[in-house]
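Novice: As a plain string of letters, each chain reads:
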Amino acid sequence: MDRRHVLKIGGAAAAALAAPRAMAQAREPIRIGELNSYKVFAAFLEPYKKGMDLAVDEVNAAGGALGRPIEIVVRDDNGQPGDAVRLAEELLTRERVSMLMGTFASHVGLAVSSFAKERKVPFLASEPLSDKIVWEQGNRYTFRLRASTYMQTAMLVPDAVRVAKRRWAIVYPNYEYGQSATAAFKKLMLARQPNIEFVAEQAPPLGRIEAGPVAAALQAARPEAIFSSLFGPDLSRFVREGTTRGLFRNVEVFNLLAGEPEYLDPLLDEAPVGWYVTGYPWQDIKTPEHDRFLAAYQTKFRDYPRLGSVVGYAAVIGAAEAIRKAGSLEPEKIVDAMKGLAHSTPFGRIVYRTLDHQSTMGAYVGRIGLRNGKGVMTDWRYADGADYLPPDAEVRSLRPPE
Amino acid sequence: MSDLFADILIQFLNGLAGASSLFLVAAGLSLIFGVTRIVNFAHGALFMLGLYLAWSLIDLFGRSTLLGFWGGVLAAALCVGAIGVVIEIVVLRRIYKAPELFQLLATFALVLIIKDAVLFFWGAEELLGPRAPGLRGAVEIFGRRFPEYDLLLIAAGPLVLGLLWLLLHRTRYGIFVRAATQDREMLAALGTDERRLFTSVFFLGAFLAGLGGALQIPREPAQLSLDLAVISDAFVVVVVGGMGSIGGAFLAALLIAQAKALCIALGDVSMFGTVVSFSKLTLVVEFAIMAAVLVLRPWGLLGKPLALARGAGASAAPLDPPGPLFWPASFVVLVLLALAPLGGDRYLLVLMGDIAVFALFAVSLHFLMGPGGLVSFGHAAYFGLGSYAAALVFLRLDLPAEAALLAAPLAGGAAALLFGWFCVRLSGVYLAMLTLAFAQIAWSVVFQWNDATGGSNGLIGLWPAGALKDRTLYFWATLVLCAGGIFFLWRTVHAPFGLALRAARDQPMRAEAVGIDTRRVQWVAFALSGAFAGLAGGLFAFAKGSISPDTLGVARSVDGLAMVLLGGVQTLTGPVLGAAVFTWLQDEIARNTEYWRAILGFAILALVLAFPHGLGGALKRLRGAA
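Sequence lines, in order, name chains D and C. Quick note: the first sequence uses our numbering, first residue 1, plus one each step. Quick note: the second sequence uses our numbering, first residue 403, plus one each step.
FYI, nobody ran anything at the bench for these hints, they're computed from the structure. We put the CB at the ideal spot given by N, CA and C, even for glycine. Take these hints with a grain of salt, some might be off.
Using 25 Å as the maximum straight-line C-alpha spacing, the simulated SDA-like pairs for lysine to any residue come out as follows [claimed, not checked]:
{"no.": "1", "chain 1": "C", "residue 1": "871", "chain 2": "D", "residue 2": "93"}
{"no.": "2", "chain 1": "D", "residue 1": "186", "chain 2": "C", "residue 2": "524"}
{"no.": "3", "chain 1": "D", "residue 1": "300", "chain 2": "C", "residue 2": "854"}
{"no.": "4", "chain 1": "D", "residue 1": "187", "chain 2": "C", "residue 2": "854"}
Chain D side only, calculated, beta carbon under 7 Å to chain C, not exhaustive [stated by the list, open to error]:
{"no.": "5", "residue": "110"}
{"no.": "6", "residue": "118"}
{"no.": "7", "residue": "236"}
{"no.": "8", "residue": "397"}
Start from the sequences, fold in the hints, and give me the full structure.
Specialist: Quick look at the structure:
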């Protein structure tokens, strides 16, 4: 096996603590299988891998779990659900992993969650945002870390209501994430502001927006505000075309995810000032948990963390905590331990809800500003995920019975 | 009213700018195909390289000066041209004599290599390029702001078109290029150095790809998924315009870009009480246009029927009937494979199940490509529709997996019957592109139809209950069904129907003369091939427990092509070998290395150069020599 492909245990931390290392080496590590589309979504997943790396170091320096070190076995699913399911089988049978984690795209996440249910193995879906993973298609074995599409949309709604605009235009990437975000936004806004009007809707194909025509079409509808769920290259193109054409003048823009360093940093000094976004203002968060994480990350990698780093880090910590709490590697016990599991992350304490297996990890909500020629988030606040979920009864009615 | 007029005018200008961008990429592809007949799958990768190089070179020369910007753009295009020359000399020149389309496999390997190289040198984060000095802002047109740079692009398309026309029609070099497009053997016989001509055409084509990329730098962030996005657009434009026709490519680019701009401008429209979202149509509009154009004009808008390339590849030797040991030997291999589960390695079981499914898929594609001579670029459509049909019967009708599996070949066959009816009226690359167009239309319906197909998420929970729940039994069932399908297709090749099919491929006129209805034979071949691809898809669905629109995406079709070409088109067993080697290689390399795409690319390239007749062909020669 390639060394780069297994995040080896120990490292610098263990060298400082020679005795535990000797003990740890004497014991077979606990293996956790991690599946992701490392090459297809490299911009997010390279930092994610670093985050995992750091977490493994820390967990093992603190003695691992059940007296054994942990080890992450990494596999690249090439963005294909079929490959992901095959590799999940390989991780279970050849690598003998105790649980699965990872996945990026929602359809891959759902495929692995279905596999997890069939094989009765715990699966911590770290990144996929689809609401369905924990609701309509949720199952006993699947847990999800990140704030979902619905939650992040709900986080933007209070400000969207406050700006009191009537004519809204919507633009979203044409696949489940964009469709869900749009549906949730419309529903939540209509409930709070019944006189709202949706004057234009554009659904460009993911990664292939024709930014000029889309900007012109939105402009023709004369909106007072825009809700967008674009990200990545689509977002960059839209920002540049829209700015050049004056689309955003006197228009309030709300954009999911645009404050994440992965998507904000490439915009350089063209970051659209004043947009309301969800994201991760790593430079300005001053909490003890985050300070410690930031220092450790920068020491180890000489680079700043992206949101992916936090997700990868928190997922590994969560997996280790679940195994510690279960006190066993038995799958059913790990699943029971995951229910209601609470642990610390760089964003503060989170809980995996017993109700729907969704973690309460939140996101930062704020506006885009410019500092030293780079986009940053200003006027931000931390939106705790627990506050942006529908009532329990509604969630219960969405989830299939176990 | 004047507002409406201004909005329409702006969208028209947007369409013109889009058309220029499309044309610049497509022109080089059309030129290369016209002369060398190579379907250059790496053209999009060269475009992407042009964009990345422009980003770096402009940075080097100075972002804010005129000279820095335009010098960077030009230098980037020249660099890409030089890379094209290297590719031609080092790789393609060695395999011109290989069977038709084999070069496609080499360019597919290049795509993998270039992608990982770009990731290695430039990193994963997208890079937003500089704006053009002097053209940063917008001009006011009837109160709407329109980017200045887009005006320049609108001019650049016709300018390049004019220059190319002058080059091709007013220079001695152009005479040679046009002659080679019409009849390259004749040109060679008249004493022209074909090698130098090919190399120079490759330079020009790659230069245009690089220029197309570099000119997008103010509009398009450099990022890693551009190669595949661009290649499909470029192919569509070239085929709609007529392969080898530069003017046709321009017309096609205009048509497609204006249609897209129109769809976006219309947005949501209320019609007959429901809201129709025209903006969602942009997902598929170019493929719908291509299908319509090809059905009405089989050689594109301005294309002419292709002269058959004599010599290379056209003359496939008749297949030998299987020897006396063939069927017994196949049976022994099958039994050995069936014993694999006794080893107790469950993963080996899963991997071998995948290989069996892909082997059936590859053999079904080969049945069309080899004996049928009908290349399909959209074979995943039948695979995917088969898997969706099985999944829907299983989930919605609540039938057991055994019964649901029956729906898979029926759906695959029915789709092939429908698509094939149009396709058999075409030939060569046009036929291949029409299959791709239908596949993309099918894909977009599956992708978009949330209520029925689960949309982009697909369908999950496809785990068989009952006997097939046991994975060993499921593996055996897969093996038996796949082997049965493969043997049936092999047997068919040597049956009277197969002989008629091969006759229709090799000598269509004579076949007609002896009373073979060639179109009908080819149509039935389509349906058979589609049915077995569908069966493979159904088996795939229940092996994975979930399916998504990827199962009928372009990537799956390309994988199938790679398997068949790797194994060798001119042998029967080749595709099985190709499927096994390709699947195993990808699994092994992807699990154990980080830059696995590049390594897979180099492995394929090595195989391509070592075995220009495919693995099956090499085995056959080995036996022949012994």
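Novice: Work down the list of hints and note, for each, if the structure agrees.
Specialist: How the hints compare with the structure:
no. : hint           : in the structure
1   : C:871 to D:93  : holds (17 Å)
2   : D:186 to C:524 : violated (39 Å)
3   : D:300 to C:854 : violated (49 Å)
4   : D:187 to C:854 : holds (23 Å)
5   : 110            : holds (5 Å)
6   : 118            : holds (5 Å)
7   : 236            : holds (4 Å)
8   : 397            : violated (19 Å)
The structure does not agree with the numbered hints 2, 3, 8 stated previously, though it agrees with the rest.
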